Structure formats: C-alpha cells, structure tokens
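So you can see what is in the structure, the chains are spelled out below.
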Amino acid sequence: MAELVDIAERVLGLARDNEQVEIYAVHDRETEVRAYGGEVESFSSAESQGVGVRVVVGGRQGFAWAGTLDADVLAETMADARDNAQFGTVDEHAGIAEPDGVEPALFELFDAALLDFATDKKIDLAIELERLTLAADSRIIGIESAEYVDTVHEYAIVSTSGIRRTGRETGCFVSVYTLAEENGETQNGFGWSVGRAPAELDIERCARESAERATRLLGAKKPSTERLTVVLTPWVTAQFLGILGSTLSGESVLKGRSLFADRLGDLVAPEFFTLVDDPTWRDSYTATTVDGEGLATRRNVLIGDGRIERFLHNAYTARRTGTRSTGSAVRGGFKSTPGVGPMSLQLVPGTATQPELVAGIDHGLLVQDVSGLHSGVNPVSGDFSTGAEGLMIRGGALAEPVRELTIASTIQKMLLDVVAIGGDVEWLPMSAAGVSMVVADITMSGA
Amino acid sequence: MTTGDRSSHGATLLDESIIRSTLDAALRRGGSFAEIFVEDRRSSSAYLDDGKVEELTSGHDRGAGVRVVVGETTGFAHTADLSPEGLSAAADAAAAAARGGGGGVRAVALTRRPTHNASTVRISPSEVAKARKVELLQRADHAARASGPAIRQVAANYGDSRRRILVANSDGLLAEDQVVRTMFSVSVVASGDTGMQTGRESAGHTVGFELFDTYQVEQLATHAAERALTKLRARPAPSGSMPVVVGPGGGGVLFHEACGHGLEADLIAKSASVFGGRRGEMVASPLVTLIDDGTMAGEWGCFGIDDEGHPAARNVLIQDGVLTDYMWDHLRARKEGRPTSSNGRRQSYQHLPMVRMSNTVIANGAEDPADIIASTKRGVYVAQLGGGQVNTATGDFVFGMLEAYLIEDGKITEPLREGNLIGNGPQVLGDIDALGNDFAMGHPGTCGKDGQGVPVGDGTPTLRVTAMTIGGTAA
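Quick note, the sequences are listed as chains C and Z, same order. Positions in the first sequence are counted from 1; adding 9 to them yields my numbering. Positions in the second sequence are counted from 1; adding 60 to them yields my numbering.
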C-alpha cells in the first residue's frame, strides 16, 4: 500500500517547475473461477499494475500510460506524456484538480475477509452455484457459465497541486447463465449476487433467480405490435439509468451533446422522480470515497422532484462552466484521462413491490431483459429502441412469455411517462442500483 | 516490408531457454498442455473534441500469460514481470489449478515456425511525427464543420497500435507475429428544429500510416456530417415486421450476430447455440456462403497467427446454405481430435483465449443491387448498421441502424431515425431472398465476448431479408 503511493510520488518527483502533473497508479488482483460439469473449467489468477501520467504545460495536456511499475518504464512514461503535451491545443481551463477542502467520507470499502478466503472455498462456491442451479428446476439442462470473481483494487493519486490520496477496495460476485429446455426450445436466464466479501454472497438466490428467469420464458412467442405500459425490472431500470446519467454529465452539456443542456431547473419527469448519484452510499457495489482526480466523492441530486437540479463535473468541466467539481471524475483504469460521469446512481424508491405494480396494470409488459442498448439508444438525440423479452401482463397478473420484440420511445418521453417507482431496490454489478419502474405508452414491436 | 521498428525491436520477445523453463514449471504438477503467451503492445492515439486537440496518449503494455490444462480444468495466470522469476511465479500460479494431478517432468522440444505477416506495413506509425497525426484531426474538424451551420460538434479520433506476440506450448509450437493497425473516426452532432442527431464514419485497417493514402480524412468527416444532417429530417422508424434491404458492406454485423457467434465451438459444446448438431444441414437460404477469413491482408480482423500460435486460416462455415463447420480454438479442437481452425483469440496477455471470429464475410451474389431495391414494395433500407447483440441460446439478435431509409414502391425515400432491428438467427438466414453482386467490406469493429474485445472485420454484398421486426415508434 505504502509502496504504491511511494512509486507515484517518485514519478511525481520528475515533474518540472512549469508543469502540472498528476500520477494515477493502480495495483489490481483478481481471481476468477468458472465451474462446468461439476469441475473447475478454468481458474485464473491475475495481478496487474499500471500508471497513467497526465502533464499540463502552458494550457496543453499530454497523457501516457504503462502497464507496469518498473522504474525505467515510469521515467519513459513521464517523458512520453511531456512530449505529447506539446501537441494539445492551448486551453485556458486545462489543468489537474486542485484540493477543494472536502474530506472523503469515512467508511471502509476493504474487507480483509476476502484476502483470507481460501482458493478451495472459491472453487467450492462456483461448483455449488452450478449444482444449485441445475437442481432448481427439472427443465434446467445446463449452464453456459457459473463463476466466482473477486478483486482487490488499490490506487494512489498524487499531483503537483497537492492531491495525495490512496485507497483500497475489495469486491466479489457470483453469476450464472442458465439454460432451460422444454419441447426442443431453449431459453436462458442470468443470476448474480454481489458483495465486498464472500460471506455477503447469496448463491441460493443467484441460482434460484437465474433458473426462474430462464424457465418462465419457455414457450415465449413473438407478440403483436402495439402501444402499452411496461414494467422495467430492476436489472433493466439500472441500465436505463446508466444511459440517463450520461446525458447529465457536464462534459456532454458543455460540448453540446446533452439533450438536457439548456434545461437546468426544468420539469422533465413526474414529481416523485428523484435521481441521485451517490458513491458515498456504502451498499452500492461501485461505492468509492475518492474520484478519478483525487477529490472526495459526494452525494449529487441530479433530478430532484422531477426537475433537473445539477450536472456532474470534474475539475476541467467545472472550471469551464464556472462552478466546482462535483467529485465526478471517472477513469476507465490507468489507460485514460479522467472523464465525467455518474458512479452510483439510484432512484429514490417508492414503496410498492413488483407484484403490486403489476397488479395495477390491466394490459402491459414486464420487461425481464433488454439487448442492444449500445446499438439502439442514442443519448444525444434521445432515440430509444432496444430488443426485449419478458412476460405479458393481463388483468393485473403475469401472463404468457414473449420474445423477439423491441420496445421503443425517446428518453425524454419515457421520463415524462414514468407512472410509478417500486420499493424493491437492488444493488447490481454496475454503477446504478436497480428498482422496478412503470413507464406508460411504449411502442412494443413484434409481428 | 519496411518496418522502421525492426531495428530496435527485432529481437525475440523472450529467450527460448526461459520459454522452456517456464513451460517446465507450468507442467511440474502435471497436466496435458501448457502454453506461454507473451505480448508487447505499443499504441498511440490523438483525440480532438470541441475544436481542441484534447490530448495525445502513448501506451505500452508488456507481459505474459501462462495456462495449464489438466483434465477438464484450465489454470491461468499472467504477469507483467518477464524475468525468469516472474514467469516462474506465474507458471506456479497457473499450475495450482492442477489439484491432485500427477506430477512429472516433461522435456519440451520447441520448433520455431516461420513468421508470415498478416499484411505489409509501408509506413510504420511510430515513425510518423506526432504533428502529422494531430493535423489529420484538425483537417477532419474543419471539413465536418464546413458541411453546414447545423453542425454543432465534431470529435475525431486517431489511433495506431503495434502488437507483437510470441506463443509457445508443450506440443512444441513456437511462433511469433507482429500486427500493426491504424484507424481514424469522426463523430458529428447536428442540431435543428427536431433536436440533435449524430453521424459517424470510420476507417481502420491492419496497415500502417499509409491508411491515409487510401482514405482522405476530409471525406470521412463530410460523410459523418452528412449522416447527421440527413437525420435531422428523418422521421421515426416504423414499428412491426417488414422486408429489410441492407446495403453493401453493411450486413456484416447481421451475420456476425445472426449466426457467427452461434457457430463458435465453445458455445456449441455447452448446448448454448441454436446451431448445435446441425452440420451438414441446410441452415440458411441457398444464396448464403459464409466465410470466416483471418488471412484477408490489411483487413481489420486479420493476423499472421492466432493467439494460440496457429497460422490464420480461411474457413467456409456455410456453403450454399449448408452448415459445413464451426469455428474452433485449441481446447475445443483437441477434445474433438481435430485441428483448430485458428480462431483462438484473446484481448491481451491478461486473458484466456477463446473461440472468436476474424473477418466474417458473405460471398458475392449475382443480382444487381438496384433490382433488389426496385423489387421491394415497402420496407427499410439500412445503409449503415450499428453494433448488435445476440442470445446464442435462442438465436434472437438485434442490430442498430445508424443510417436507414424507407423503401416505398421500389424506391429509397425518407430517412429514418435510429433504432434496433430484431430477428431470430436461423429464421433470418432462411429468409434471405436476394443477394447482390456488389460485395464490400464494412467498418472496423470490436467484438465483445465474455468481457474481451478483439478487432473484427466483416463484409457483404447488398442483401434482402423478407421480414424483420423494426423497433421504431411509428405505425
């Protein structure tokens, strides 16, 4: 731990007087066990280290990274970043983050129990997950994959502006893709469970839910085309929130790529709709106390009572906008410069359970899963179209399964059409929490 | 070939003695197969957005992955430390998966395979001044903005990489390869009364900086801008089922999703593909001949050897509608007692290889593309597809349309807004009723599977599917 920050400080020592320099150093360890047929299919043990160096000189920025912490490579990386800085466009707002006096939240994201968890037990978990899944229903014919994954993430961010942050986080999850078959037709379902240490994992639930998701789609047919009300399951809502969150980034706003750019303070959703990005919420799988530039993360209300309250900022977009960073610098590892984005989105939940939401709908669709969000949703124009599968809702009850359909609307319209938010908050292996959400007037395309 | 890098990096990535000792260490606790994969990857990129060159980035990754196969179990570990000690530790970690296996020393005799490069590199990108790369971005920015006052934002991205790999295994294989890729992309936002729309264009090949002798960045930028401008007057896409014509080069994603993934032997072995057990059967319209070809020089998905050390190959998967073979990696092929099809690929030394596509193409048909459109009464013409996704177990797949138009009375008419199309692989393959004679390669792509991304190419002539579901909102 001390070593990582020492290495980062040593690289920082190479900075020249006229340079702003930021060093982001990472040490990750990961174990992945895949079970198949009652045996270990693969066991991967991974350790990776790397550094990203950002240099700003005279308003020009350069960046370089290396997948090692070897001393000679680090010096070369620094030299590369410095050389690259000559070619950027001069930008008066360019620069690294300055300390802002906000202290990081005090909570532990590191659980030593994960380090003490023996390899054999990891293997047993994966094999048991497969066994439980196969036993869950007689129509389960196998799995595509059953895996246990854990990670230990350590980082250090130091800079010439006086940023000096280190941290370490643990995380683990199990997931299973289940195959169900009946009358020669195959369906599959996904199950998962996440935690900071293995004791938090619920493999029974993971197995049961994946089996249920697969079996309840058996016999699914293509529906006819119509407009109806949909219930998005927590898994689907979380993915929708991820897209919505990207439209509320200060970078998208500044660069004219946000459909909400001029709408600060506007009512864009019903009054019961409040969207918060809160990486300081410990239960979130992606909780973190420090952002990608070393500033403290904080709770940011993006949409409050249906109105846009705030856009997310890192140091650069904040300077350009004339505001303060919201502690929302995100990095995709050490290989890229910090961007801006949500880290832990959640909707303020309602109280209804999913069955209660379904009971209030005479004719609709429960969307169990979606596909092709990356190809059919455009967060700039707001066009929303995605492949989907799920169950029809008839007379307030779940009815026949349907597949090979799309659901479509626009992001703007969907927000206005939100009818209800459930109380079934679920933490998922992604940067948004899931909750059931009812949206009216969606076009379902099928036959 | 004239790679300027040869002089400084001509040496092998790892000495044979270290390779041998690492393989020995990997098999110390038993196992039927051990492999070491060494990678050295250097990349550079430059990014322009909002009229500013935001930054140039240089990257360097180097390391090795070691795998050991014991019975049905694969052990894998990787390290960035290429010293004998570092590799020995990785070999130990990989061997640890061999629980209770019988130990033993096995001498491995390595036979170095001749190198054959995927394509010729005339101008090594690392020899090109950074200022020239930056200039490309600025030229693209100017050209896109010159396309009209409605153009509000332009982002341009330049990237090059040089990846050297070495693979050695306990079967005695020892092979090396070097692949250079260069790409350029432009994304444009246009704004009008109907809101904002986006357009994108890209070019990428397994070549050096001579890519820009073939492609003018101004043309790429103008094309991206035109796509965004056209969409400003687009109407919502229809909803429901209708004929779909996909333009030349555009349909690759369709086949990649409709059947490509479903023909990967790892998914077949787990009964997770609708194409399992169907070799020798008619699985597509007789018009369809599908080939996966890693040897197509210069294309985005080509390579000299796959990431298991086997020379790239051309594999016919579907011949005149009949399923002839699946795609194989070492592990699956070994189980079946057959040769690999050289489709074992991995994102980096930090990943296990698995069955992946390379360049997936549909052989040319006979029809005049104009006739295909003219004989379509009402449907959708997709000029450019976006990405896609498939559930191989059910065969249901989606793909996005980035540039699409309505076909009315045999004529391409109004532009359509973006959306997904959905279909079922086996159904759609059977429903292809027209194939043009205008084969073209599509755009460079990155295929994701189990969290690993690898570069892939695709190509098709114009083709028509009699019915697919269009995921729009209009009646």
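These aren't lab readings, by the way, just hints derived from the structure by calculation. If you're wondering where the values come from, they're calculated on a predicted model, not measured in any experiment. Backbone N, C-alpha and C define an ideal beta-carbon position, used for all residues, glycine too. Hints are not guaranteed to be accurate.
Claimed, not checked - Per label pair, the in silico range of CB-to-CB distance:
| no. | chain 1 | residue 1 | chain 2 | residue 2 | range |
| --- | --- | --- | --- | --- | --- |
| 1 | C | Ala-408 | Z | Ala-357 | 39 to 45 Å |
| 2 | Z | Gly-146 | C | Gly-342 | 20 to 26 Å |
| 3 | C | His-383 | Z | Ala-535 | 40 to 46 Å |
Said to hold, decoys possible - No more than 20 Å apart at the CA atoms, straight line, and that leaves these computed lysine to aspartate or glutamate pairs for EDC-like:
| no. | chain 1 | residue 1 | chain 2 | residue 2 |
| --- | --- | --- | --- | --- |
| 4 | Z | Lys-330 | C | Glu-137 |
| 5 | C | Lys-231 | C | Glu-190 |
| 6 | C | Lys-344 | Z | Asp-109 |
Hints and how they fare:
{"no.": "1", "hint": "C:Ala-408 <-> Z:Ala-357: 39 to 45 Å", "result": "55 Å, violated"}
{"no.": "2", "hint": "Z:Gly-146 <-> C:Gly-342: 20 to 26 Å", "result": "21 Å, holds"}
{"no.": "3", "hint": "C:His-383 <-> Z:Ala-535: 40 to 46 Å", "result": "27 Å, violated"}
{"no.": "4", "hint": "Z:Lys-330 <-> C:Glu-137", "result": "18 Å, holds"}
{"no.": "5", "hint": "C:Lys-231 <-> C:Glu-190", "result": "18 Å, holds"}
{"no.": "6", "hint": "C:Lys-344 <-> Z:Asp-109", "result": "19 Å, holds"}
The structure fails hints 1, 3 (numbered hints given earlier, in ascending order).
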